[in-house]
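Student: Each chain, written out:
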Amino acid sequence: DAKTTQPTSMDCAEGRAANLPCNHSTISGNEYVYWYRQIHSQGPQYIIHGLKNNETNEMASLIITEDRKSSTLILPHATLRDTAVYYCIVSRGGSNYKLTFGKGTLLTVNP
Amino acid sequence: DSGVTQTPKHLITATGQRVTLRCSPRSGDLSVYWYQQSLDQGLQFLIQYYNGEERAKGNILERFSAQQFPDLHSELNLSSLELGDSALYFCASSVVWTGGAETQYFGPGTRLLVL
Numbered sequence: 001d002a003k004t005t006q007p008t009s010m011d012c013a014e015g016r017a018a019n020l021p022c023n024h025s026t027i028s029g030n031e032y033v034y035w036y037r038q039i040h041s042q043g044p045q046y047i048i049h050g051l052k053n054n055e056t057n058e059m060a061s062l063i064i065t066e067d068r069k070s071s072t073l074i075l076p077h078a079t080l081r082d083t084a085v086y087y088c089i090v091s092r093g094g095s096n097y098k099l100t101f102g103k104g105t106l107l108t109v110n111p
Numbered sequence: 001d002s003g004v005t006q007t008p009k010h011l012i013t014a015t016g017q018r019v020t021l022r023c024s025p026r027s028g029d030l031s032v033y034w035y036q037q038s039l040d041q042g043l044q045f046l047i048q049y050y051n052g053e054e055r056a057k058g059n060i061l062e063r064f065s066a067q068q069f070p071d072l073h074s075e076l077n078l079s080s081l082e083l084g085d086s087a088l089y090f091c092a093s094s095v096v097w098t099g100g101a102e103t104q105y106f107g108p109g110t111r112l113l114v115l
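Same order as they appear, the protein sequences are chains E and S. Start counting the first sequence at 1; every next residue gets the next number (the working numbering). Start counting the second sequence at 1; every next residue gets the next number (the working numbering).
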């Protein structure tokens, strides 16, 4: 699986958009970009995934650059409950693929 | 609530002992993954089962073993426990989307403390 690089930490004001970047310059054509988050000591939570196109769901938007070497997770209106460690993971599709978690980005949403 | 359940929530035991952690996947999910999260190692994949069969192994110690039963629940057995086995243990079940992407849904975890 391709390696990802994320900032160690970021701050965001409550109500503002949080934009979390991820670099995955060695991504291959059949690898998806997944985002998960982990709120302190809880189980990781799936947020969104994408292959080539931008994606949006009720939690977030995922913007993938045309060359697929980087992506940005956007939380449109961050709340205090969005404070968590956010993991960007690149992995092939199909069943039976383990997730390789890096250190992620600690997003702190401030009042 | 992910739909994945884990018991017990907390476990305190002594070195040298053996414990069993239990996981029930979401209804209909055939895969179960086990992960260990310790302070210094982050989230590490241990092992995966699919419909009762072992599919993939990660950084799982020989003292640890797992199985998945016909009703699809899974158990992770940890034996000859050491202080360093103190960690959060998560299980996850997964869904494969049309197109091939797979997303995992994690349980709340079992916090193991070895004294």
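One or more hints might be untrue.
As the list claims (entries may be wrong) - Below are the DSSO-like pairs computed for lysine-lysine, each with C-alpha atoms no more than 27 Å apart in a straight line:
(1) E:K52 / E:K103
(2) S:K9 / E:K3
(3) S:K9 / E:K69
(4) E:K103 / E:K69
(5) S:K9 / S:K57
(6) E:K3 / E:K69
(7) E:K3 / E:K52
(8) E:K3 / E:K103
(9) E:K52 / S:K9
What the hints assert, rightly or not - Covered stretches of chain E, going by a simulated chain S footprint (3 or more residues, C-beta under 8 Å):
(10) 17-26
(11) 98-110
To be verified - Pairwise CB distance ranges (calculated):
(12) E:S41 / S:I60: 18 to 24 Å
(13) S:R18 / E:E66: 40 to 46 Å
(14) E:L106 / S:H10: 38 to 44 Å
(15) S:N77 / E:S41: 20 to 26 Å
(16) S:S38 / E:A13: 31 to 37 Å
(17) E:A13 / S:L61: 42 to 48 Å
Please keep in mind that the hints were generated in silico from the structure rather than gathered at the bench. The structure displayed is predicted, hence computed values, not measured ones. Positions of the beta carbon are idealized from the N, C-alpha and C atoms, including for glycine.
Student: Check each numbered hint from earlier against the structure, then list the numbers of those it violates in ascending order.
Tutor: Numbers 2, 3, 9, 10, 13 and 14, in rising order.
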